[in-house]
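Number of protein chains: 2
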Amino acid sequence: MDLSGMRDTGSELTHYEGTEKLLEIWFEPSGKSDIPDKVTHDLKAIPRERLVELLGLVHCEIVSEKCRDDLHAYVLSESSMFLSTKRFILKTCGTTTLLNAIEPIMKLAKEFCDFVVKDLFYSRKNFFRPELQQVPHQSFASEVQYLDTLFDNGAAYMLGRINGDCWYLYTLDNTNQNQPDQTLEILMTNLDPKVMKHFENTTGRNGKDVTKESGIADLLPDCQIDEFLFEPCGYSMNGLLPKDGYVTIHITPEEKYSYVSFETNIEMKDYSEFVKKVLTVFNPGKVVMTLFASKTAKCGTSRKALREVFMDTYRRHDRQFSEFQCYDLTFATYIRDDIV
Amino acid sequence: MDLSGMRDTGSELTHYEGTEKLLEIWFEPSGKSDIPDKVTHDLKAIPRERLVELLGLVHCEIVSEKCRDDLHAYVLSESSMFLSTKRFILKTCGTTTLLNAIEPIMKLAKEFCDFVVKDLFYSRKNFFRPELQQVPHQSFASEVQYLDTLFDNGAAYMLGRINGDCWYLYTLDNTNQNQPDQTLEILMTNLDPKVMKHFENTTGRNGKDVTKESGIADLLPDCQIDEFLFEPCGYSMNGLLPKDGYVTIHITPEEKYSYVSFETNIEMKDYSEFVKKVLTVFNPGKVVMTLFASKTAKCGTSRKALREVFMDTYRRHDRQFSEFQCYDLTFATYIRDDIV
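Same order as they appear, the protein sequences are chains G and E. With the working numbering as the guide, the letters of the first sequence map in order to residues 1 to 340. With the working numbering as the guide, the letters of the second sequence map in order to residues 341 to 680.
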């Protein structure tokens, strides 16, 4: 994550914003009859150099990649990008300008795949230091203002507390028949410095060592892991699971602004025990959790699949359940007992 | 509602903000032993002239009142005030400055009743014209900033859409054992002009006539109604129900910014049929609904008590269910089919 030039460890003013901006777009064929011959209805048909151009607009670059027939997974200088047949995911941290990618990816999807947008999700937790972001990312209100120029059926929400930790979502208010989909995100702050030691690149350990020794490798034993350990610190991993499945973890270990994000679309009927495992590995002081479940998701509603997390060491702060046209969402925040 | 001098029907620039600010405070004895002799643990012991002073700070005044042993209900120049033994409710519209009342009512409750705040709810829908409000009411962010100077355990939320209709709530994040309580609010805009005709004070009808002819009287047949018809238009009513129960309705009929609020703490197991009745009387284009249920409320959770409203003419826009320490809340918005 040093590639952005933001992490200057010599300065008192140093800040690195681990908090990601997350974009997920589902595409579908335009349905028009005048399709050029060379079109393939598959986002993975977009040439790699065009993706590199796209990432340039966002101010990040590819540092590692693992490509399978069903899923292309890229570790970026700031977080991750995933392309499957119809789903595009871009997650970027630091002061990247993720919203710059939306119009270009729509154009690429049209040009190479004859695709149009079917559904879209832009989300993020509140930043530690919003004033350090580039326009329009300094406030969610200005992000919404920009997104509303692209979509006429956008719906913008804020969950959690205005005067505390919160999480923002922009999605489309549409009633398209949707895909079976369930996505869990666990966004952690105030992490245990002892755990974060693993992710400082000063121990002579490589990425594979860190994945194993930190306990990350045991979370989802059957995934193909592509990890990257940054200089002087920071860690990113993409894990490929069967059937278009993925997991991605990004770690900013510095104590002043420690941040870990965990995201997966693995299908589970009940995530409660799994969430406990993740919290045990990272031991965060504060946790924001979200679970999206589409109407056709195998887990049923997100409320059923993400029940109360019972751990002696955590107390629930907030829990909210939202129903959209094609998805529902459970949002919850927990705080470790020793955190005031 | 003409008393505020805001409704100047001769001007193109006329706007009347029907949207209320709503404050509900539950008090409890301080528990200290050095209580003065004259103290009564009852908010109704606060002298009327002190309440009039309090309302002066908010920029409204009493226009009608109905006082019973268990409940004192006041119709105000801008909406309503209710005092029962431990519960204080103040609801004010226009450009009133409701937050000015919080510190003074806390002082009055301490002086006359030896009461301290047990729980608090400040809420409102988004204003039509926030820029016309007085400081700090021009944005919820600035209201929260003020409230945070008074309370160190305040939690502020936004439900609904940032780029559409939304509803704000400030409450206390406490775990006090609480009271059985359930409160329904239905906030309606884009109302049927034919229905609104009833509330223009040009027909020679008095308040009692209007209550009857509009269908309001039939909504809750067993309540003692105190209504007020304003010049040149506008209507307010307080209804007293058994056991500390109340209903209150406020109507701004002007087509450009029509607004009706309905609120009651009547105990029902399922509000769905009742909501339909209210919508049938007023025929709003847009509806924001909230139901609070305390942990000890007879209805169980608000989610169970406010199910989907099935009416052919309305489609659901949003539904969100929030769990707080001592209360839960169901928020929902509906839009009539002919409204784009």
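These are calculated hints, taken from the structure and not from any lab test. Small disclaimer: the values here were computed from a predicted structure and weren't measured. Glycine included, C-beta positions come from ideal geometry on N, C-alpha and C. Take these hints with a grain of salt, some might be off.
Stretch by stretch, here's where chain G covers chain E in the computed footprint (C-beta under 8 Å, at least three residues) [stated by the list, open to error]: (1) 502-515; (2) 600-613; (3) 657-669.
Sample of chain E residues lacking proximity to chain G, with all beta carbon distances greater than 10 Å (derived) [stated by the list, open to error]: (4) K384; (5) K458; (6) L472; (7) Q473; (8) G640; (9) D677.
The hints, checked one at a time:
1. With a threshold of 8 Å between beta carbons, the proposed coverage of the region 502-515 of chain E by chain G holds, since 4 of its residues qualify and at least three are required.
2. Counting residues of the region 600-613 of chain E whose C-beta sits closer than 8 Å to any C-beta of chain G gives 0, which falls short of three, so the coverage hint is violated.
3. Coverage of the region 657-669 of chain E by chain G holds in this model, with 8 residues showing a Cβ closer than 8 Å to a Cβ of that chain against a need of three.
4. At roughly 33 Å, the least C-beta separation between K384(E) and chain G is larger than 10 Å, which holds for a residue marked as non-interface.
5. The claim that K458(E) is not at the interface with chain G holds, since no C-beta of that chain comes within 10 Å of its own (minimum 20 Å).
6. Listed as a non-interface residue, L472(E) keeps its Cβ farther than 10 Å from every Cβ of chain G; the least gap is roughly 20 Å.
7. With a closest Cβ-Cβ approach of about 18 Å to chain G, Q473(E) is found to remain outside the 10 Å limit, as its non-interface label requires.
8. The Cβ of G640(E) lies farther than 10 Å from every Cβ of chain G, with a closest approach of about 16 Å, so its non-interface assignment holds.
9. No Cβ of chain G comes within 10 Å of the Cβ of D677(E); the nearest lies about 14 Å off, and the non-interface call holds.
Hint 2 alone, counting from the list given before, is not met by this structure.
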